[in-house]
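Can you build the whole structure from these sequences, using the hints too?
These protein sequences, in sequence, are chains A and W. The opening residue of the first sequence carries number 752 in our numbering; numbering runs sequentially from there. The opening residue of the second sequence carries number 27 in our numbering; numbering runs sequentially from there.
The hints are simulated quantities; they were obtained by calculation from the structure and are not laboratory data. Certain hints may be false.
Said to hold, decoys possible - Heads up, simulated DSBU-like pairs for lysine-lysine below, C-alpha to C-alpha not over 30 Å straight-line:
1. K893/A with K768/A
2. K785/A with K800/A
3. K217/W with K776/A
4. K170/W with K833/A
5. K768/A with K30/W
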Amino acid sequence: MNSPLWDNIFKNKKSIKALEFEAIKNANIFDGLKNKELKFVQTMVYLRKFNKGEYIFKKSNPGNGMYIILNGEVQIIDENKKDQTQNLLATLVDGEFFGELSLLDESPRSASALCSDYTEALGFFRSDLLDITNRKPLIGSKIVLNVARILGERLRVTNNKLYKMQHKDK
Amino acid sequence: MMTKNQKFIVKLLAYLAGIFVLFFLITKLTSLILIIVLSILLFTMLDPSVDKLERYNIPRSLSTAIVILSVFLFIGITISRLTPIIQDAGTTIVEKIKTNDSNENNIENIILSFDKNIPFYDLSANMPEILEKLNPILTSAKSKLAKTALNVGKSIINLVANLFVIIFITFFLLKDERQLKKGLINLIPNKHFELSLNLMYKIQKQLAAYLKGQFLAATSVGVLSTLGLFILNTFFDANIPYFVLIGILAGLANLIPYVGPAVGIVFAITPVIFMGSENLLFIIILIIITFSLVQMIDNILVSPIVVGKSVDMHPLAVFIVLIIGGSLLGMAGMLFAVPTAGIIKVTISEIITNASKYKD
Chain A
752 MNSPLWDNIF KNKKSIKALE FEAIKNANIF DGLKNKELKF VQTMVYLRKF NKGEYIFKKS
812 NPGNGMYIIL NGEVQIIDEN KKDQTQNLLA TLVDGEFFGE LSLLDESPRS ASALCSDYTE
872 ALGFFRSDLL DITNRKPLIG SKIVLNVARI LGERLRVTNN KLYKMQHKDK
Chain W
27 MMTKNQKFIV KLLAYLAGIF VLFFLITKLT SLILIIVLSI LLFTMLDPSV DKLERYNIPR
87 SLSTAIVILS VFLFIGITIS RLTPIIQDAG TTIVEKIKTN DSNENNIENI ILSFDKNIPF
147 YDLSANMPEI LEKLNPILTS AKSKLAKTAL NVGKSIINLV ANLFVIIFIT FFLLKDERQL
207 KKGLINLIPN KHFELSLNLM YKIQKQLAAY LKGQFLAATS VGVLSTLGLF ILNTFFDANI
267 PYFVLIGILA GLANLIPYVG PAVGIVFAIT PVIFMGSENL LFIIILIIIT FSLVQMIDNI
327 LVSPIVVGKS VDMHPLAVFI VLIIGGSLLG MAGMLFAVPT AGIIKVTISE IITNASKYKD
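Pasting the structure below:
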C-alpha cells in the first residue's frame, strides 16, 4: 500500500473531498451552517466535470439547481436564437456559484452557462434541497433563508439601478 | 454513409434485438428480477419512514435498522399468527375434499336452500339428475382448486424464502441511498444529467404516492371485509370460518385490479361450501352483497382519496399486464404486475414530458 501510485490516488481523492468541502463552506448560500451540517450537504452534491466549450445548461432549459465552480471558468451568456447573437453577461471562476434561483422553482434558465476552460463544478439541486428539508429541516431552513437573503439583496440592487435610471431620464 | 432508410432499419433491428434480449433475461432471471423489483418497491415504501426518523437527529444507519427491524417484527408476528390458521384451514379443506360424499351433501344443501328461499321452482324434484350432472364438474373443480392451492402455497413459501434476501437488499438501498444515487448519476453523461436527476426525483415521488395509496386501499378493503364477515357471523349466523384470514387475503387480492375483488369473493365462498351449511345459498348471496358493498365503499370513498390518478391505466392495459405477469411469475407476478407497470408508465410519461423541455 506504500506505492506512489496508491499514495497519489488517495491523495487526489482526499484533496478533491477537501476542495469540495471548502467550496461549500465558502458559498454564501450555505452561510451559518456548522461543519457537521456542511458535511451533510457535501453528501448531497454532485461533482461534475465539463470540457472546454461544453454547456453546463442552456437558456430556456428547465431550471433544476445551482453549480459551484471548484476550478475552471464558466461564461454566463444570453443567447438569442433568432438573430444568432450572444451577449456575455458574466465570467465566473473558482469558488463562484450560479443558477441558485432554480433552487426555488422549475422556471426556464434565463441564460446559458458555457465552460470556457476545463471545469469541475459541484451541482446542488432543488430535489436535494427538498430532500434536506425533509430529512434535516433545520439545515433546509438555513439554506432556504440564505437563498431568500441573496434574492433580497439582488432585488435591492435592481431597485437601486432602476431608481437611478429613472432619475437619470428626468 | 448510411441513407435515412438504412439508419431506420439499423435502429429498428437494434430495438428488436433489445426487446429480444430483455425478454430472454426476464424469462431466464425471473426470480432475480422479482427480488429486485420487490426490493425497490419495499425501499420506496419505507424510505419516507426512514426520512422521518432522521428528522429527529437519529443517524441514517440507525433509522434504517429501526425501520427494517419493525418490518421484521410485523412480518414475524403476522406469520406466527396466521400460520396456525392457514394450517388449520388447509387441513380442514383437504379433509373435506377427501370425503367422497361431501359433493352431494353440498349440492343438496344448495338446492334445498334454493327451494326454501324461492318457492316457485321445485328443484329438489330433479335432485338425482342434477347431482349426476354436477358431481363430475364439482369433483374436477375441487381437484383443480387443490392444485391451485398447492401452487399458491409453493409461491408463498418461495416468497418467504426470498423475503430475507429482499429485506437485506432493501436495508442497503435505504442506508446507502445517497451513495447509490450518486454512483448511478455519475455514470450519466453531462448532457442528460439534469434531466435524469429530475426524472429520478419525480418517479420516486409518484411511485411512493402510488404505493402508499395501494397499501392504504388494500388495508381498508381488508379491514372492511373482515368487519363485514364478522357482522354476517354475528347477526346472520353465517358461521363463516377463518373470516380474519379471508379479510386479509381479500385485502391482498385487491392489489390486483378487476380480478382481485372477485378473488376475494372466491376466498370467502370456498370454505363455506366445503364446510357445508343449511342456508348455503343465502350465505353465499350475503357474502356477495358484503363484498360488493366493500368494493363500493373502496371505489367511491377510499380509492379516489388515497390512490392518485397518476398511475391510472386503461382496463385493457391492466388485463394485458396481468396476463404477462401471471404467465411469467404466476400469482406473485399478477400481484406485482400492476405496480411494476406503474413504474414503467410513470418513467415513460416523465421522459416524454421532460425530454422535450431539454431540447436545444
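Where does the structure disagree with the numbered hints, that is, which hint numbers, in rising order? The structure conflicts with hints 4 and 5, although it agrees with all the remaining ones.
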